[in-house]
Amino acid sequence: MKVTLIVVPPGGGEAEYTLDFELPAVPREGEYITVARDDALADPKPDPQDGSIGIYECFYVRRAWWDLRYPSSAPYAKGEGQGPVGSAYMIAVEAETARGPHMTGSHRRSCETYERRGLPVRTFDNSAY
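So the sequence shown is numbered by the numbering used here: it starts at 1 and just counts up by one.
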């Protein structure tokens, strides 16, 4: 199923950017997500500031949003299979930037920028990786 990842600052707020994925299930609140971009995997480069080679952007799931469509404005309370059937128009997962293992340099700098602004950045539990 197609799921749109909506990346927000720590604590929530206006979307920074979105990424679309084909996923087997919808991530749930409290779960961790790591994203490795294919171009970074194909040609990993050391971070110019500290020399580390990170491949992940890390996120903490805040909530899922199901945007559904229904073919009629009339209420239906008929038996199963007797009324129209709606569908999922969009499934979105709001996730905030977090710290995790093997972060890219740009992702680490984003975390540091949020912290300088006074926004607490979550860190993946050690048991999560």
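Some hints here could point you the wrong way.
Claimed, not checked - Computed spacing ranges between beta-carbons, pair by pair:
1. Gln49 / Thr123: 27 to 37 Å
2. Pro46 / Gly86: 46 to 56 Å
3. Glu29 / Gln49: 30 to 40 Å
4. Tyr70 / Ser106: 34 to 44 Å
Source of the hints: derived by calculation from the structure; they are not laboratory data.
Remember, predicted model here, so these are calculated numbers, not experimental data.
We treat Cβ as the ideally placed atom computed from N, Cα and C, and that holds for glycine.
Kindly confirm whether 34 to 44 Å is satisfied by the beta carbon distance between Tyr70 and Ser106. holds, 41 Å
Take a look at whether the Cβ-Cβ distance between Pro46 and Gly86 falls inside 46 to 56 Å. At roughly 50 Å between Cβ atoms, Gly86 and Pro46 fall inside 46 to 56 Å, so the hint holds.
Note whether the CB distance of Gln49 and Thr123 lies within 27 to 37 Å or breaks it. violated, 19 Å
Is the hinted range of 30 to 40 Å satisfied by the C-beta distance from Glu29 to Gln49? holds, 33 Å
Violated hint for the displayed structure: number 1, the only one.
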